[in-house]
Amino acid sequence: MRLKMISAAALAALTTVGLAPARAEDTVAVIVKATTSEYWQWVFKGAEDAGKKLGVKIDKLGTPKDDAAGQIGVLESAAGSKPSAIVISPTIFEALGDPIAAVSGAGIPVIVIDSGAKTDKYASFLTTNNEAGGKSAAEAMAACIKERTGKVAGKVGYLTAMAGHESLDSRDKGFVEGMKAYPDITIVGNRVANNEEAEGMNLTGDMLTKNPDLVGLFADNAQMGTGAGASINEQKLGDKFCLVAFDSDAGELEHLKDGSIYALVIQDPYMMGFAGVWYGYAAAHGVRLPKNVDTGVGTVTKANMDDPKLAGLLDVSKRKLSQFLGD
Amino acid sequence: MTDQVLRHANGGSGAPAAGHILRSWARRLPIETYVIAFTIALWIALSLATPNFLTENNISNIMRQTSIAAIIAIGVMCTIVIAGIDLSVGSVAAFCGVAFAQMCGHGLELPVAAALTLIAGLGVGLINAVAIGRLGIPAFIVTLAGLQVYRGLALLLAGGMTVGGLPPEVKDFARGTTGLPNLFWAMLAVGVAVHYVLSFSRTGRYMYAMGSNAEAARRQGINTFRITVIAYLMSSGLAALGGILLVSRLSIASPSMANAYELQAIAAAVVGGASLFGGRGTVLGTVVGAILFTTMSNAAVLLGIDPFWEMVLEGLLIALVVYLDNMQKRRQAGV
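Residue numbers (the numbering used here), protein chains in the order written: chain A, 2 to 328; chain B, 20 to 354.
If you are wondering where the hints come from, they were derived from the structure by calculation, not from laboratory data.
Bear in mind that the values here come from a model prediction, so they are computed numbers and not experimental data.
Check the hints yourself; a few may be wrong.
What the hints assert, rightly or not - Computed cross-link-like contacts, BS3-like style, restricted to lysine-lysine with a CA-CA straight-line distance of at most 27 Å: (1) A:Lys61 x A:Lys119; (2) A:Lys54 x A:Lys181; (3) A:Lys83 x A:Lys54; (4) A:Lys321 x A:Lys292; (5) B:Lys190 x A:Lys237; (6) A:Lys46 x A:Lys319; (7) A:Lys321 x A:Lys46; (8) A:Lys147 x A:Lys241; (9) B:Lys348 x A:Lys258; (10) A:Lys303 x B:Lys190; (11) A:Lys310 x A:Lys46; (12) A:Lys241 x B:Lys348.
To be verified - From chain B, some residues computed to sit far from chain A (all C-beta separations above 10 Å): (13) Gln84; (14) Leu145; (15) Ile156; (16) Pro157; (17) Met180; (18) Val182; (19) Trp204; (20) Gln239; (21) Ile241; (22) Ile271; (23) Val320; (24) Phe327.
The beta carbon of each residue, even a glycine, is placed where N, CA and C say it ideally should be.
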């Protein structure tokens, strides 16, 4: 304990006197929810591209799977290395609130992306409005059912990737709320998978067995969309059934092309990473930022999937920045 | 001691009242019989409770849903028989699946890609066996390390992304049927082959002997390292096959797929009568165990049971079956 205090004091003295070597370049730490998922790889890609433009070093951090305690540890270690700013996507709303406030309090600007945390001590919050995204999915569902059956009526279900996740819960809530606008639609079932394609595929098959007259299904992330799409494709229901899914990955794209998925509601993870770093850099240099920014969602169907504006959102490797940000 | 030996030892008990004979006969039945009976009872109950259960489509769904898990579980059961364990199978399936998808994506012929993938899987098994049998590291630790290593390699290989854009023939196998779903035929073929090895070959007998008492087996001149190699080759090889079939079923490969399949596999083997202390375990029991778990999740959807309760029920089932199994063994020992 004593030793710790002495070394801390020594360290403080060193920094204040300026004996410690000045950092060669600024660093922005980007902490995602789960490093093993494609969505977060695109966030990292956007962050790295912004880092290159700004001449800022990007530390890509996070836990392999959603793990709130682990993420708090990562956040605290990242803060310990005194980066210019921290960009973080909180795993659990309640759990990350105080740790984020503590980091902000220590003078490191924090940009929150994708999901919220229970605090207002952050520089800016860039997110998809997930509830609005769920509503967009409901609108696409209604359009599809009308197109294929002539009227907006029948049974629909939804697949939840994981229980207890704020962003997924908001999507489901938005979807269920959105479907209420159509009185002849009944929501008959909801199953929760283990965030795995194969389980999503099995559950879709089983839901169709239970309700052979099911007309539509909403899958609330890429894993569920891919699994449900595979099941619809296997049963050759593509042209009769209405599957609407969130996000975009290789599996979902394939099923959008083969007609098993009617529409994808896509977010902009690349821009969350890009703008997150950009905002973090700005905040570190004293720029006042808007407190909340909606990064927007778009709905893609087979009909408009080749629109160049959407191409970069569907497949982020084709992403081009707007002329304001240069390319 | 193996089951077979126990059954022989009990065979000689006298012949008193008919009821007693029936009871002692029932006691001597292997645990698989009860699990099979329970599964059949569950199927009958579901057929009565919901009109959608006993339909051609649903049975075919259950067959497809069970097959990959059962194939992986059969491999894990082989390591359990020799008193080992393989916790790496889920990660190996993901790693091999991603490797297979990337080879197919780069234009390699499907059979060549599949063969190379299986060889990679066997390589993993060999590494595990050498670490366990030669370096003397406990199987639990070796394969726990593998669980991390191969998941990491799968993610590296895929760059953290879903691998898509596979030729359409990839999905033809798993989506197709030849009377029964192709996946089910694959499971039957694997099951028959492994059953033959375990029950009718000298290697199989040595595996049970080693699992019952490794030291005694060694003194009898059994090459336990060779047996270890065979068991882990089977486990990793079947995990690789499971990975290929999973890619065929999903028509994509995801580095995060087959997550926690090792635990499902162990659960299926144990419910099917395998003992984690070694020396016990059958293909039939393991397959029935896998079918039972698939049936339970199918039933949960058809009956609208809360998915969280489904997890609780599955856990309780594992505990109950192992308890009944132990009770039966204790009674047998006490006869």
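- Hint by hint, which ones does this structure get wrong, listed from lowest number up? Numbers 2, 9, 12, 13, 17, 18, 22, 23, 24 - these are the hints that the structure violates, sorted from lowest upward.
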